[in-house]
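Let the hints inform the model, and build the full structure from the sequences given.
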Amino acid sequence: MSTKDLAYALPEIVTDQVPGPKAQALLERRNEAIPQALCGKTYPICIQDGAGAMFEDVDGNKFLDWVGGVGVLNIGYSHPEVIEAVKAQSEKYFHTIFNVYVHDGYVTLAEKLNEIMPVKGDVKKTYFANSGAECDENAIKIAKAYTKRNSVICFTGAFHGRTNLTMALTAKKSYAQGMGPFPAGIYRAPYPYLYRAPKGYSEEEAIQYYIDELYRVFDEGAPAKEVACMILEPVQGEGGFIPAPIEWVKAIRKICDDNGILLIADEVQCGNCRTGKYFASEYWKEAGCAPDIITTAKSLGGGLPISAITASKEIMDAAPAGTIGGTYCGNPVACASALAVMDVMQKEDFASKAKHIGEVVTSRYLELQKKYPVIGDVRGLGAMIGIEFVTDKETKEPATKLVSDIIACAMQKGLLLESCGTYNNTIRFLAPLTMSDEQMEKGLEIFEQAIQESL
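Take 7 as the starting number for the sequence shown in the numbering used here and just add one per residue.
Incorrect hints may have been included.
To be verified - Derived lysine-lysine pairs resembling PhoX-like cross-links, with alpha carbons at most 20 Å apart: (1) K291 x K361; (2) K407 x K118; (3) K376 x K419; (4) K68 x K10; (5) K399 x K376; (6) K93 x K68; (7) K377 x K448; (8) K47 x K407; (9) K407 x K419; (10) K118 x K291; (11) K68 x K377; (12) K10 x K93; (13) K291 x K260; (14) K419 x K150; (15) K147 x K231; (16) K291 x K126; (17) K231 x K260; (18) K10 x K448.
Please keep in mind that the hints were generated in silico from the structure rather than gathered at the bench.
In structure tokens form, the structure reads like this:
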């Protein structure tokens with residue numbers, strides 16, 4: 007099937023089951039050649055081609071992708087304008103090290119991000135790393151350089167990466183098993199997970215509870231005057247697709263301002279039009295609580311490895327020479343891809359696409375919640391939506407096995423899903439924003455069928 011045809015195809019499984027014979031053979035080769043930690047059994051899928059929100063495996067099965075490379079493919083697979091930009095750059099040169107000699111793509115991309123990043127400050131600066139973990143780690147280095155402080159506050163449910171520092175910041179320690187010791191000066195406060203707030207609390211009371219718990223960290227962990235920064239996700243990813251309530255963010259912003267603490271918004275997963283704004287922090291800025299630093303990665307490069315750190319000139323210029331940068335940071339081919347992605351997303355208003363998809367999917371999820379008592383909560387922002395499953399709506403006991411069964415069932419019908427959350431009982435929605443309405447309807451149909459067959 008041509009790439010163009012695949013972009014408009016619907017899910018179709020042509021083998022007796024997934025994996026088919028060709029995929030099974032490749033998986034066996036993988037198991038022999040690759041570390042066991044990377045050889046999971048949940049997704050026995052081997053891709054051949056991808057276009058839009060669809061991909062075809064080596065056996066000819068066609069899948070609708072609601073995982074999107076875990077948030078990397080907001081622009082979809084194989085966008086022709088991105089392909090042309092990458093081709094054009096690759097024919098000039100693959101690599102420079104920006105610390106030694108400059109290329110225009112790096113500067114132009116930084117200028118464009120400086121124009122749109124909703125951080126505090128009139129004059130902004132941006133620099134690049136290669137991954138989400140790298141940009142988060144670099145943001146903390148910048149915050150320490152600016153404040154001359156060493157402590158960092160992160161939150162329950164957080165995921166910030168797999169480097170030594172970002173494993174320490176990440177809440178779920180299955181991502182860090184046996185990898186310590188970790189850096190000192192990391193303190194964790196409760197993130198406002200309103201669905202699982204103390205029983206009987208109103209939303210207002212719950213938000214105050216989470217604010218009070220942050221003050222407890224100052225009293226029992228790190229005095230506020232020793233804290234360089236707080237880092238949080240505007241919408242938690244691995245933590246369960248939980249949006250940060252704006253009233254809580256306003257309180258956090260005031261606490262940071264009152265104590266000389268920098269606020270870092272980790273938009274690695276929720277940035278680049280996913281939430282109905284180009285960056286989710288635009289919602290914060292509109293409410294008067296813009297962050298000091300924004301990090302983003304994943305969909306920034308449309309699939310090529312690049313991440314960005316943006317803050318005001320005053321904050322950025324505090325970093326001593328030699329403390330930031332790296333061999334591959336701001337690679338010319340990755341910058342070319344990111345520039346093309348940004349051009350397409352702005353020209354075609356991908357933020358509005360996210361709003362449309364989010365409205366349709368959220369509405370249908372809420373209908374499913376009324377039909378199936380196992381659906382405890384539906385939440386999200388734009389087209390970043392979590393649907394949480396429980397065994398009992400009163401006790402809210404996580405339905406982890408049910409979610410696993412739904413994912414396995416949907417895969418056999420051509421819909422790719424992934425779980426998240428502390429208990430892996432939430433299914434995340436991260437479909438490419440290029441998904442057609444017909445594909446979306448088919449995906450919702452398969453999703454409900456998978457729920458019914460898994461109960």
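Hey, K68 versus K10, does the alpha-carbon distance stay inside 20 Å?
-> Status holds; Cα separation ~14 Å.
Holds or violated: K399 to K376, with C-alpha atoms at most 20 Å apart = 12 Å, holds
Straight-line Cα separation of K291 and K126 no greater than 20 Å?
-> 8 Å, holds
Compare the distance between the alpha carbons of K10 and K448 with 20 Å, and conclude whether the hinted pair is satisfied.
-> Given pair K10, K448 holds - Cα atoms ~19 Å apart, limit 20 Å.
Could you grab the alpha-carbon distance between K68 and K377 and see if it respects the 20 Å cut-off?
-> Answer violated: K68 to K377 is near 29 Å, above 20 Å.
Pairwise hint evaluation, K361 against K291, where the allowed Cα distance is 20 Å at most = 18 Å, holds
Proposed proximity, K68 with K93 (alpha carbon, max 20 Å) = Violated. K93 to K68 sits at ~27 Å, over the 20 Å cutoff.
Take a quick look at whether K231 and K260 sit within 20 Å of each other, Cα to Cα.
-> Between K231 and K260 the Cα gap is close to 14 Å, so the pair holds against 20 Å.
Distance restraint between K407 and K118, which requires alpha-carbon spacing of 20 Å or less = 45 Å, violated
Is it true that the CA of K407 sits at most 20 Å from the CA of K419?
-> 19 Å, holds
For the pair supplied as a hint, K291 and K260, is the alpha-carbon distance within the 20 Å limit?
-> Satisfied, since the Cα-Cα distance of roughly 13 Å is no more than 20 Å.
Do the alpha carbons of K147 and K231 lie within 20 Å of each other, as the hint requires?
-> 17 Å, holds
Comparing the model with each numbered hint stated earlier shows that hints 2, 3, 6, 11, 14 do not hold.
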